[in-house]
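Those protein sequences? They're chains A and B, same order as listed. Each residue of the first sequence is one higher than the one before, counting from 1 in my numbering. Each residue of the second sequence is one higher than the one before, counting from 1001 in my numbering.
Keep in mind that the hints were calculated from the coordinates and are not lab data. Quantities reported herein were computed from a predicted structural model and do not represent experimental measurements.
On the chain A side, residues computed to face chain B include the following (Cβ under 10 Å):
| id | residue |
| --- | --- |
| 1 | P4 |
| 2 | P6 |
| 3 | A10 |
Chain A residues, not near chain B, derived (Cβ > 10 Å throughout):
| id | residue |
| --- | --- |
| 4 | P38 |
| 5 | A41 |
| 6 | G42 |
| 7 | I45 |
C-beta: ideal position from N, C-alpha, C; glycine also.
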Amino acid sequence: MNRPGPVGIALVLAFAVVAVIEFRTVLGMVGIDIAIGPYFAGAAILLVGGAAALFAVPEELTPESV
Amino acid sequence: MEVFANEYPDEAWVVRAALGSAFVALAIGGLMGLIQTLHRTGFYDSLISNADYYTVLTLHGVAMVLLFTIFFLVGFFQWAITDSLGRKSEDIRITKLWYGMMVLGSAMSAVTILGGFVDSGSLSGVEADVLYTFYAPLEAHPLYYMGLAVFIIGTWIAGFDWFRSWWAWKKENPDERMPLRTFMVLTTMLMWYLASLGVAISVVFFLIPWSLGIFDSVNSLLTRTLFWFFGHPVVYFWLMPVYMMWYVIMPKLAGGRLFSDPLARIVFVLFLVLSVPTGIHHQYVDPGIAEGFKFLAMTNTMFLLLPSLLTAFTVVASIEHGARQRGGEGYFGWLTALPWGKPAFTGMTLAGLMFAAAGFSGMINAGMSINYLVHNTLWVVGHFHMTVGTAVALSIMAATYWFLPKITGREIFSRRLGLAQVLLWFIGMVLMGNAMHRAGLAGVPRRTADPTYDQVIYDGAYGAIGELRFQIALGGVLLSLSLVLFFAHLVLSSFDIGERAAATPDSIPAPLSGPEQAPKVLDNIRLWTSIAVVLILITYILPLASIVTDGGGWLGDSYGVIVAEYVLPAVSSTIDIFVGVVA
Chain A
1 MNRPGPVGIA LVLAFAVVAV IEFRTVLGMV GIDIAIGPYF AGAAILLVGG
51 AAALFAVPEE LTPESV
Chain B
1001 MEVFANEYPD EAWVVRAALG SAFVALAIGG LMGLIQTLHR TGFYDSLISN
1051 ADYYTVLTLH GVAMVLLFTI FFLVGFFQWA ITDSLGRKSE DIRITKLWYG
1101 MMVLGSAMSA VTILGGFVDS GSLSGVEADV LYTFYAPLEA HPLYYMGLAV
1151 FIIGTWIAGF DWFRSWWAWK KENPDERMPL RTFMVLTTML MWYLASLGVA
1201 ISVVFFLIPW SLGIFDSVNS LLTRTLFWFF GHPVVYFWLM PVYMMWYVIM
1251 PKLAGGRLFS DPLARIVFVL FLVLSVPTGI HHQYVDPGIA EGFKFLAMTN
1301 TMFLLLPSLL TAFTVVASIE HGARQRGGEG YFGWLTALPW GKPAFTGMTL
1351 AGLMFAAAGF SGMINAGMSI NYLVHNTLWV VGHFHMTVGT AVALSIMAAT
1401 YWFLPKITGR EIFSRRLGLA QVLLWFIGMV LMGNAMHRAG LAGVPRRTAD
1451 PTYDQVIYDG AYGAIGELRF QIALGGVLLS LSLVLFFAHL VLSSFDIGER
1501 AAATPDSIPA PLSGPEQAPK VLDNIRLWTS IAVVLILITY ILPLASIVTD
1551 GGGWLGDSYG VIVAEYVLPA VSSTIDIFVG VVA
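Bound conformation, chain A alone (with noise of 0.2 Å):
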């Protein structure tokens, strides 16, 4: 499998936002509760991530960056 450029990981990264705000709450039907601290803290790391990602994107694609 070819290694993801870095817009491939700034959508897995922005996907992963989404997960990880989903499984709080789907960690929270079945009665386990993550302190809303590390849980933002973590959303917002990924955050991040994703836009360090965006700036390491070639501005002309070529199918490497793809």
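With chain A's structure known, arrange chain B on it following the hints.
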């Protein structure tokens, strides 16, 4: 073949103007959205009063769901008709007329809404805090309704303008099949003519005379039903151009071709036939309508899932074809071969994904029994922010990155910036939309400036309301940041004049299964319109008759007053004159 902007400069001017109007509305609506979300969640509630919240809410709704979407639609449709038929407007003055009327109508309504912020001076008393769902008993200034009427008449003339182009093209090409984009535009406009008839009757015959003081009251249930006659199909009026983007632009961006032209036509025929006779599903909790009529509306609504499922199949098949042309392999490996680096493609794909999620919450709304649980809660707000706020708005913004070079003749400023914008919108809307759904399940009401649910802890699934409010506020802020990026992108693109001209030529590739595979009956729009009319009559005649006969007549309480003060004296005078003449 030249870029659209150079080949059709007059039409491109109208398209640019319409898109410009759409984006002005988006900016205003977005700002109102931010104020609203921070006020309602309690994070910054000192900017406006609770009373002004409803002015903000009205402006947000009208700007976003009527002006932004419909202005973009008319611009996009003008491009689609001109480009697919390969001909200029029959009379560019008519084209400019309908655009001018839409601007005038918007300005008239906007003045009355903005008047809600003014407590004294010349605008004092000019108010329209009636939300975008403008039915009685909430009453607005007459100018608000008149503005909306002018705006809607503008869209009707636009449709007529496009029909004229098609009629002229058909005369010259009698044996040709109607181009797909033209077919999509015309079926959408036919649906719009049927749908907007309800709100036109409500506005012209009831709301304007009532707001002018000619009637003391109106039959609220009647105006509400006439509004929803239009209020649900207007959703498809926003969605159908987006479906056109998904059918026409996405396969091209993916490097492939549309999987099936006939399936696309079937989808638009189904929308024409089924969109209008569903509006009563917005009135499940309305006690004035019998359950049987609601059941009929629910059945029709469930049928409407079919065109959306067909679209999901066709669009995914088309982009998979494109991915495989680009070297993609395997059951899921082809996904990595898609052009995720293009903001237009990524934005529209994420919008489609969110639309699938919104479809599931839509099924909850459409079900009569379960709708009662969520009807007046924030769940509904979450639902339509994921449909119109993402499937439509995000697709429009993403498509703009593809569309702008066509109508301006120069490339967009930065793909990186575009990607950041669409991803930020996606994350912001998931945060906000998800939290709104969950808050709705917990019973948080909609259309309220200050719901007093602060820090109520709900056991189990829902988490603290405080947390949900935080997620809604955070989502709203991220969405606003995304809007700032979008507008920055538009401005920076416009300063890039002469630096990077748009690539030419840029045609839409032929579908894998073309129009020659489609039965000719699909192009018989008279037949489909007639079926739509019959379905509307079946669904609406009896409920409307019941509302009028059991609900106090056409004008509610003032019906008797009108008859006693105006009709009977007029009849009596006429008889006296007649008797006098005879004698």
